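S.K.: So the sequence lines, in the order shown, correspond to chains A and B. For the record, in the first sequence the residue sitting at position 61 is 81 according to this note's numbering, with numbers rising by one throughout. For the record, in the second sequence the residue sitting at position 474 is 1799 according to this note's numbering, with numbers rising by one throughout.
The set of hints was computed from the structure by calculation and includes no laboratory data. In this text, all values refer to a predicted model and were calculated from it rather than measured experimentally. All residues carry an ideal CB built from backbone N, CA and C; glycine is no exception. Please note: incorrect hints may appear among the correct ones.
To give an idea of the chain A side of the interface with chain B (calculated C-beta under 8 Å), a few residues [claimed, not checked]:
no.: 1; residue: Asp27
no.: 2; residue: Leu30
no.: 3; residue: Phe127
no.: 4; residue: Asp130
no.: 5; residue: Lys139
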Amino acid sequence: MSKTRPDYILLDHTADLGVRIRGTSPADLFENACKTLDYIIFGSVPPAEKPCSRKISLSGNDLADLMVRWLSEILYLFDGEHLVVANADIHTLSTTELKATLTTTPFEPDYHEALREIKAVTYHGIKVTREKGIWTAEVIFDL
Amino acid sequence: MEIRLKKIDNNRWMIPKTGNMRVPGLVFSSPQLIEAVQQDQSLIQVANVATLPGIVKQSLAMPDIHRGYGFPIGGVAAFRMEDGIISPGGVGYDINCGCRLMTTSLKAHDIKPYIKELISALFKNIPVGVGSKGTLHLTPRDEAQVALEGASWVINKGFGQSEDLERTEDHGVIEGADPSVLSERAVKRGLDQLGTLGSGNHFLEVQVVDHVYDSAIADKFNLFEGQVTIFLHTGSRGFGHQICDDFLKQMTGADFLKGLQLPDRQLACAPLKSDVGRRYLSAMACAANYAWANRQILMHLTRETFIRSLSVSPNELDMTLLYDVCHNIAKEEVHRVEGEDILLCVHRKGATRSLPPKHPLLPSIYYHTGQPVLIPGDMGTYSYVLAGTQGAMEQSFGSSCHGAGRTLSRSKAIKMAKGRSIHRELEDKGIFVQSKGKQTLREEIPEAYKDVSQVVEVVHKTGLAKKVARLRPLGVIKG
Chain A
21 MSKTRPDYIL LDHTADLGVR IRGTSPADLF ENACKTLDYI IFGSVPPAEK PCSRKISLSG
81 NDLADLMVRW LSEILYLFDG EHLVVANADI HTLSTTELKA TLTTTPFEPD YHEALREIKA
141 VTYHGIKVTR EKGIWTAEVI FDL
Chain B
1326 MEIRLKKIDN NRWMIPKTGN MRVPGLVFSS PQLIEAVQQD QSLIQVANVA TLPGIVKQSL
1386 AMPDIHRGYG FPIGGVAAFR MEDGIISPGG VGYDINCGCR LMTTSLKAHD IKPYIKELIS
1446 ALFKNIPVGV GSKGTLHLTP RDEAQVALEG ASWVINKGFG QSEDLERTED HGVIEGADPS
1506 VLSERAVKRG LDQLGTLGSG NHFLEVQVVD HVYDSAIADK FNLFEGQVTI FLHTGSRGFG
1566 HQICDDFLKQ MTGADFLKGL QLPDRQLACA PLKSDVGRRY LSAMACAANY AWANRQILMH
1626 LTRETFIRSL SVSPNELDMT LLYDVCHNIA KEEVHRVEGE DILLCVHRKG ATRSLPPKHP
1686 LLPSIYYHTG QPVLIPGDMG TYSYVLAGTQ GAMEQSFGSS CHGAGRTLSR SKAIKMAKGR
1746 SIHRELEDKG IFVQSKGKQT LREEIPEAYK DVSQVVEVVH KTGLAKKVAR LRPLGVIKG
């Protein structure tokens, strides 16, 4: 996962925050989604000052469900374990299963300046589609 | 999907029953407000809620309606216990997000010379912003007790007085909480967030009573013009978010949903009588009780800060809880349907309970006035105190609106705030603001919200609650 700005745009939503994320493959899309969450919370992908590795394994009903579960996992690590994800490598991705290795770093409020709080990743309007070789996801976050 | 609204009168619009809708929709609004409502997809969400099993009468929208996720914000829907559903998304991630209003004996001119110092002290003493931790770090066993006992647990630890419970919806505890149904993650997220304000639209505001509309009720509420009040808005923090998330994921993909053809995955739900439905209600009660404990601690921290910062005695300050209401909740309540009193599960997603005088659930102090209904505005305008009315029981399952309601998306608000100093603009109006998040003030600019006065006017005119007093901000802290 590179540190450059991921391919995403903000969608209009009155109360919450929606994003449309793009990727060249499902794995690229999911890695971009992780990076997009970092950008929304911190404005960039935070450097891994004290890196730690964590393997995760998720299952879902379909790719859209997996996307919600994937982003919820990253959000939980931040809010529940005070860990910021600095890198995500996806090893396995099918329509119902995802395996990845995350590089995390401890959240330090004075160092990682948060722009906003994300309460949750919603299922509202969730979409994962492929058109002309480009994978796209639309996700709405509850703020 | 195109929604055709049928105007009933100047404050009510019907969404006729079409397609899979089991009941019609009813929107409380005004000619000024309805135009924006028609543009943000929230009416589709009102119609979507009307497709859920067991819904009775109508799928309702309060005048602060705006687009949410699944249910609209400002949505109210009641379901029969026998064949109805419970929807975690219909309660929201921030379970028992709510408001608390405190009165004082101070007058605005007593604190105006010190308002900047007071706001700075509140900002320092009250944990705000992303990742903030409460002063009270809980053990898992403590947290289970908070989940069972709610506000009374923290009062027993010295955060307030037992009289506060009478002035809290449901006395600060919903029955039926069962910590054994909580996930390890929910428990973990709750351990260090009790006594924190949070971020986004959550706030603590120091205000002055700017106008009294109903002096008889205002007297009973101990409100008078020129008086300093404090308004708190927050909820169950990560604890509640995780509970909603856990149960949505359990319900998504369940066999029950396969036959329903849900128009939105966020409407995932379960029969009220099912095992997962009952477990969600037990977990939701845990989060609701946590939220009441959270606001109780924040009130205590506020009281201490006022005493220290203004060098006043507790008696001189006389900071008293007026009321605490929740606006994201599902409750089992008795309501009259087709001439019969029946037990229903009422979902309020961004809607405040509004009980009329002499309702059996009212505490004795408000038995003759009706329940205080607390409606916050945006940080640049007014908040309102109203009193519950019989009209709410007849039209909205005893519900009213919960705020101004957003009208601009956050990205549009940020664009509109570009190049402006929101701090200075508010200071020019005599409102001192301190906020943690860089984007918070820009996303929360006054123009991002509907005119709360127009929203409250609809509530008053339709008899969902009646106006008692208007509150003007003097200072605000935000996450």
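S.K.: It remains to establish, for every hint, whether it holds in the given structure.
M.R.: Here's how the hints hold up against the structure:
no. : hint   : in the structure
1   : Asp27  : 17 Å, violated
2   : Leu30  : 5 Å, holds
3   : Phe127 : 6 Å, holds
4   : Asp130 : 10 Å, violated
5   : Lys139 : 5 Å, holds
Consistency with the previously given hints fails for numbers 1 and 4, ordered from lowest to highest.
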